[in-house]
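Here the protein sequences line up with chains R and H, keeping their order.
In this text, residue positions in the first sequence follow our numbering: the first is 6, and each later residue adds one.
In this text, residue positions in the second sequence follow our numbering: the first is 35, and each later residue adds one.
Hints listed in this document are in silico derivations from the structure and should not be mistaken for laboratory results.
Computed from a prediction, not measured in an experiment: that's the story for all the values here.
Glycine included, C-beta positions come from ideal geometry on N, C-alpha and C.
Careful, some of the hints might be misleading.
[Claimed, not checked] One side of the interface only, derived from the structure: several residues of chain H facing chain R at Cβ under 8 Å:
| no. | residue |
| --- | --- |
| 1 | 105 |
| 2 | 317 |
| 3 | 626 |
| 4 | 628 |
| 5 | 629 |
| 6 | 630 |
| 7 | 633 |
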Amino acid sequence: MIRLEHYLIVSAVLFSLGLLGVIVRRNLLIIYMCLELMLNAANLALVAFSRFTNHIDGQVMVFFIITVAAAEVSVGLALIVALYRKRQSAHVEDLTLMKL
Amino acid sequence: MAFANLAWVVLLLPLFAAAVITLFTMRNPRLSAQLSITAVVLSFVASLILFGIYRTSTPVLSAALPWLHVGDLNVDIALRVDALSLIMLLIVTGVGGLIHIYSWGYMAGDPGFARYFASLSLFTFSMLGIVLASNFVMMFIFWELVGVSSYLLIGFWYERSSAADAAKKAFITNRLGDFGFLLGIIMIWALAGTVQFDQLQANTQTLGAWATVAGLLIFCGAVGKSAQFPLHVWLPDAMEGPTPVSALIHAATMVAAGVYMLCRVAFIFSVQALDVIAWIGGFTALLAAVIAVQQNDIKRILAYSTLSQLGYMVLAVAVSPASAMFHLVTHAFFKALLFLGAGSVILALHHEQNIWRMGGLKRKMPITYWTFLIGTLAICGVPPFSGFFSKDEILAAAVHHSVGLFILTVLVAVLTAFYMFRLFFVAFAGSPRVEEAGHAHESPKVMTWPLILLAIPSVLAGVWGINHHLAAFFNEPDHATGLAETLLAPFGHSPLAASASLLAVVFGFSLAYTVYRRAAADPLPERLGFLSRAMRSKFYFDEIYAFLIRATHETLARIADFLDRVLIEGFVVRGISGMTDVFGRALRLLQTGNIQTYTFLFAAGVAIVLLMVLYR
Chain R
6 MIRLEHYLIV SAVLFSLGLL GVIVRRNLLI IYMCLELMLN AANLALVAFS
56 RFTNHIDGQV MVFFIITVAA AEVSVGLALI VALYRKRQSA HVEDLTLMKL
Chain H
35 MAFANLAWVV LLLPLFAAAV ITLFTMRNPR LSAQLSITAV VLSFVASLIL
85 FGIYRTSTPV LSAALPWLHV GDLNVDIALR VDALSLIMLL IVTGVGGLIH
135 IYSWGYMAGD PGFARYFASL SLFTFSMLGI VLASNFVMMF IFWELVGVSS
185 YLLIGFWYER SSAADAAKKA FITNRLGDFG FLLGIIMIWA LAGTVQFDQL
235 QANTQTLGAW ATVAGLLIFC GAVGKSAQFP LHVWLPDAME GPTPVSALIH
285 AATMVAAGVY MLCRVAFIFS VQALDVIAWI GGFTALLAAV IAVQQNDIKR
335 ILAYSTLSQL GYMVLAVAVS PASAMFHLVT HAFFKALLFL GAGSVILALH
385 HEQNIWRMGG LKRKMPITYW TFLIGTLAIC GVPPFSGFFS KDEILAAAVH
435 HSVGLFILTV LVAVLTAFYM FRLFFVAFAG SPRVEEAGHA HESPKVMTWP
485 LILLAIPSVL AGVWGINHHL AAFFNEPDHA TGLAETLLAP FGHSPLAASA
535 SLLAVVFGFS LAYTVYRRAA ADPLPERLGF LSRAMRSKFY FDEIYAFLIR
585 ATHETLARIA DFLDRVLIEG FVVRGISGMT DVFGRALRLL QTGNIQTYTF
635 LFAAGVAIVL LMVLYR
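Throw the hints in and build the complete structure from the sequences for me.
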């Protein structure tokens with residue numbers, strides 16, 4: 006029998022992995038994928054709560070989130086491509102202009 | 035009451051003249067001078083009318099101008115008319131008027147002629163304000179105005195640096211005394227709740243135990259204005275002004291203001307305060323007389339004689355105010371006469387002031403010679419000249435007060451006779467000492483007439499009955515009434531004082547006669563040695579003050595510098611900027627620009643918050 010806790014643990018593991026990826030990876034594309042991972046970990050938790058509490062609202066909300074995330078990803082990827090064209094690099098250590 | 039408002043006319047005429055000259059007639063020297071002279075003469079006439087009406091009546095106040103009403107403090111600008119202010123009015127406008135007229139001749143051709151008369155009118159106005167003041171605040175305002183106008187006149191030839199310095203010295207020294215004066219006024223207001231003279235006189239007991247302190251603070255003002263020790267140093271330097279200005283400052287105005295003020299408020303002084311006043315006055319009189327013995331500049335000798343006579347008056351304030359005012363009046367006449375006579379000589383000898391380069395003026399300048407002789411006899415106190423009577427009243431009062439003061443005054447009288455006859459024998463008598471003195475000729479009539487007009491009261495003021503009015507005003511015993519009685523009165527009521535003063539004159543005169551009758555050069559420096567040098571250098575007061583001021587100034591400056599550098603600049607200014615800088619540098623280390631660092635910190639922050647929320 007799979008219970009709510011199992012879903013939530015998977016969601017937490019996915020979220021932590023995503024956060025770890027954001028912090029340690031150097032490539033912007035990978036970081037971006039890790040971000041998506043974190044987003045979807047949250048989605049998973051939402052769907053799980055929805056299922057176990059018999060509220061359909063959560064699942065509807067997840068659809069909206071996925072839709073918005075798709076649009077957001079396209080914008081984000083476009084930015085990364087533009088940045089790569091400009092700087093010939095997508096590594097974060099090359100992008101440290103925001104300091105004194 | 036209605037006529038008392040005439041006092042406003044007396045007061046405002048000179049101000050009007052000064053304003054008109056400054057605003058409109060600066061380009062026309064003759065018109066300016068005429069305006070100024072007319073104003074002061076009209077003031078004199080108005081004063082005479084006032085004197086005729088009010089000389090024996092009780093004090094009256096003119097219409098008042100409400101000026102300051104704060105809480106319990108009511109200060110009205112009102113003019114007080116009584117015997118004291120009336121006599122002083124006559125002196126200021128009368129002697130002052132003659133000096134105005136004399137200036138017409140003395141200052142002729144000076145490029146600042148109009149400016150000179152404007153300042154002179156302003157000076158007269160300020161002095162009249164002091165005389166007519168009915169409360170301390172009003173007196174203080176005019177007191178300061180006198181300071182300002184004396185600055186303008188002493189520094190009249192401001193292109194000479196010595197004149198500019200002397201003007202500054204006079205003003206600053208006076209301010210020093212005025213500081214005490216102001217404190218005294220505030221103290222009296224705090225204690226008695228009023229600054230009106232008549233209300234104060236009715237409630238002197240409200241001052242209580244603080245009366246001595248308040249009195250001495252008020253006295254500080256007089257020490258400055260009347261040039262008493264230790265603030266006497268400005269007066270001899272004030273000789274840098276034109277000679278008529280010296281006459282005005284020394285006779286009718288300025289220095290007289292201090293003594294007049296003391297007499298005006300004589301009722302507030304406690305016995306202890308009066309003792310201090312008496313001894314300071316006596317010491318100043320002696321000090322100045324000793325210094326005068328070895329001066330060679332004709333104006334400086336007269337300046338020190340003024341100092342000495344002022345010391346007499348201040349001493350007299352303590353023992354008998356009526357005699358102080360009496361001496362002030364007679365002194366105004368003969369000192370103005372002496373100064374104007376000296377000015378006449380100086381002009382005739384083309385601005386030569388050294389008495390050893392004069393001599394033999396009897397034939398060349400007879401009017402100046404004889405009037406100066408009258409002035410000399412009067413200041414020495416030879417009967418029946420005016421100085422004898424006023425000086426005798428002071429001596430007689432001093433006898434009753436203390437033996438020490440009496441001996442002091444007699445000693446000063448001897449010295450006065452000595453240095454005045456020294457001046458007279460060297461500068462006027464004998465034969466010309468240098469060739470230029472032989473070419474001297476008498477001054478124009480506009481200058482000799484004031485001399486003659488001043489010589490008359492110098493002789494007669496002692497028997498005119500001024501002292502009766504003053505004695506009545508101060509509630510002091512009056513000694514004589516008729517003319518013949520007055521002439522002999524001094525010997526009647528105090529034979530000791532009268533004979534002592536007479537002996538003093540005879541002694542001083544014979545000393546001067548033996549030493550200087552035929553002297554080609556001053557024999558005293560050789561005989562006295564160091565003492566003579568000290569006397570000539572005014573006992574080094576200027577040098578001592580310069581040293582003291584430099585020393586204290588230096589210390590204060592060093593302390594202020596330390597506070598500024600270490601406390602204000604070091605701790606406050608540099609401290610704040612330094613702290614901001616250090617914190618900024620530390621915080622800067624966190625700004626790596628690497629997005630992952632920020633993410634890590636952000637995540638760590640969230641984790642900490644979570645921990646705190648969950649495991650609280």
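Checked hints:
1. Among the interface hints, the one on residue 105 of chain H is violated; its C-beta lies about 61 Å from the nearest C-beta in chain R, farther than the 8 Å criterion.
2. Annotation: interface hint on residue 317 of chain H violated; nearest CB of chain R at approximately 75 Å, more than 8 Å.
3. Contact between residue 626 of chain H and chain R, as hinted, is supported at the beta carbon level, the nearest pair being about 6 Å apart and thus within 8 Å.
4. This hint holds: residue 628 of chain H has a C-beta 5 Å from the nearest C-beta of chain R, less than the 8 Å allowed.
5. Interface restraint check for residue 629 of chain H: the shortest CB-CB distance to chain R comes to about 6 Å, inside 8 Å, so the restraint holds.
6. A distance limit of 8 Å between C-beta atoms decides the matter here; for residue 630 of chain H the minimum to chain R is near 6 Å, and the interface restraint holds.
7. A cut of 8 Å between beta carbons decides the hint on residue 633 of chain H: the least distance to chain R is about 6 Å, and the hint holds.
Violation of the numbered hints given earlier is confined to hints 1 and 2; the remaining hints are satisfied by the structure.
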